[in-house]
Amino acid sequence: YFLPMMGSIWSCPTDQMLQFPVATMVRFCHNHGLIQVTDRPQWWTVRGGARHYVDKITAGIADKRLNTPVERIERDASMLRGGVRIVTRNQVEHFDQLVLAVHSDQALALLAQASPAERATLGAIRYQPNRAVLHTDSAVLPQRKLAWAAWNYERAAHADRESSGVCLHYLLNMLQPLPFAQPLVVSLNPVREIAHQHILGEYDYMHPVFDLAATRAQQALPGLQGQAHSYFCGAWTGYGFHEDGLKSGLQAARLLLAQHARHAPVAQALHGVPA
622 YFLPMMGSIW SCPTDQMLQF PVATMVRFCH NHGLIQVTDR PQWWTVRGGA
672 RHYVDKITAG IADKRLNTPV ERIERDASML RGGVRIVTRN QVEHFDQLVL
722 AVHSDQALAL LAQASPAERA TLGAIRYQPN RAVLHTDSAV LPQRKLAWAA
772 WNYERAAHAD RESSGVCLHY LLNMLQPLPF AQPLVVSLNP VREIAHQHIL
822 GEYDYMHPVF DLAATRAQQA LPGLQGQAHS YFCGAWTGYG FHEDGLKSGL
872 QAARLLLAQH ARHAPVAQAL HGVPA
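Straight run, no breaks: the sequence shown in this note's numbering ends on number 896.
Simulated from the structure, these hints should not be mistaken for lab results.
Yeah, the Cβ is synthetic: ideal placement off N, Cα and C, and Gly gets one too.
Hints are not guaranteed to be accurate.
Stated by the list, open to error - Cβ pair distances, simulated, as ranges:
#1 Val708 - Gln803: 45 to 55 Å
#2 His819 - Ala770: 42 to 52 Å
#3 His653 - Arg765: 22 to 32 Å
#4 Ala683 - Val723: 19 to 29 Å
#5 Ala834 - Arg648: 53 to 63 Å
#6 Gly844 - Val723: 35 to 45 Å
#7 Ala778 - Pro737: 43 to 53 Å
#8 Ala778 - Ser699: 24 to 34 Å
#9 Met626 - Thr757: 35 to 45 Å
#10 Gln734 - Pro690: 36 to 46 Å
#11 Arg765 - Gly744: 28 to 38 Å
#12 Ala741 - Gln663: 22 to 32 Å
#13 Ala768 - Gly654: 32 to 42 Å
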């Protein structure tokens with residue numbers, strides 16, 4: 622029960638879960654009611670799906686640059702204003718502060734001159750590639766319909782396949798109030814190929830691996846915040862979930878605003894304009 626459940630939660634092979642810190646797993650399971658057999662918590666979903674709360678957040682951002690990939694980020698820690706240069710394909714823009722709300726390895730790849738501490742911390746977290754297939758093939762679910770669950774773990778027949786990725790079939794009809802009865806399934810790393818006529822889409826993801834190295838990197842992260850005008854946030858700073866991303870984003874915003882309040886009088890004195 623324990624290893625398949627943990628592997629399904631973090632989208633990692635079960636043998637890789639053995640490398641996770643025990644304290645981290647036990648704390649998470651206790652907080653989420655996964656250890657108790659009875660009186661388990663009631664889980665809720667966002668009305669309309671997670672996309673709606675993302676839309677709600679982005680609606681408050683006036684200046685959005687969609688489909689504008691950042692090629693690199695250059696920083697000058699000695700400058701109080703304009704010390705961050707964002708380089709895209711078509712232009713270079715200057716900013717005072719930088720928030721990197723991306724995976725840790727993506728953040729490291731974007732920084733043109735990462736410090737040794739940034740390389741050590743951001744580079745310590747590994748990522749597990751996972752393939753997700755959205756489909757309507759109910760043959761991947763248990764043979765007995767009474768055994769169908771929201772999450773359906775399937776163990777691979779061969780050890781090498783099992784160790785490369787966890788296989789999990791999400792029955793979306795049980796997870797979301799969908800307006801139709803036909804089974805809609807997301808299969809993560811399916812060990813059996815899905816019939817082509819049933820496939821609606823395929824997606825590739827990278828999920829953080831929360832081993833001991835990742836735990837130590839999370840503990841070192843506060844020492845990076847605010848250095849060279851930079852702040853880091855993302856689900857990788859916590860347990861890897863949406864709530865962790867939101868929590869770390871709010872924390873990065875609080876740190877940035879506190880730093881701005883400290884430097885505003887100096888910037889105003891140097892530049893003669895409101896900071």
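Against the structure, the hints:
no.: 1; hint: Val708 - Gln803: 45 to 55 Å; result: 47 Å, holds
no.: 2; hint: His819 - Ala770: 42 to 52 Å; result: 20 Å, violated
no.: 3; hint: His653 - Arg765: 22 to 32 Å; result: 28 Å, holds
no.: 4; hint: Ala683 - Val723: 19 to 29 Å; result: 21 Å, holds
no.: 5; hint: Ala834 - Arg648: 53 to 63 Å; result: 18 Å, violated
no.: 6; hint: Gly844 - Val723: 35 to 45 Å; result: 19 Å, violated
no.: 7; hint: Ala778 - Pro737: 43 to 53 Å; result: 45 Å, holds
no.: 8; hint: Ala778 - Ser699: 24 to 34 Å; result: 59 Å, violated
no.: 9; hint: Met626 - Thr757: 35 to 45 Å; result: 26 Å, violated
no.: 10; hint: Gln734 - Pro690: 36 to 46 Å; result: 20 Å, violated
no.: 11; hint: Arg765 - Gly744: 28 to 38 Å; result: 47 Å, violated
no.: 12; hint: Ala741 - Gln663: 22 to 32 Å; result: 41 Å, violated
no.: 13; hint: Ala768 - Gly654: 32 to 42 Å; result: 22 Å, violated
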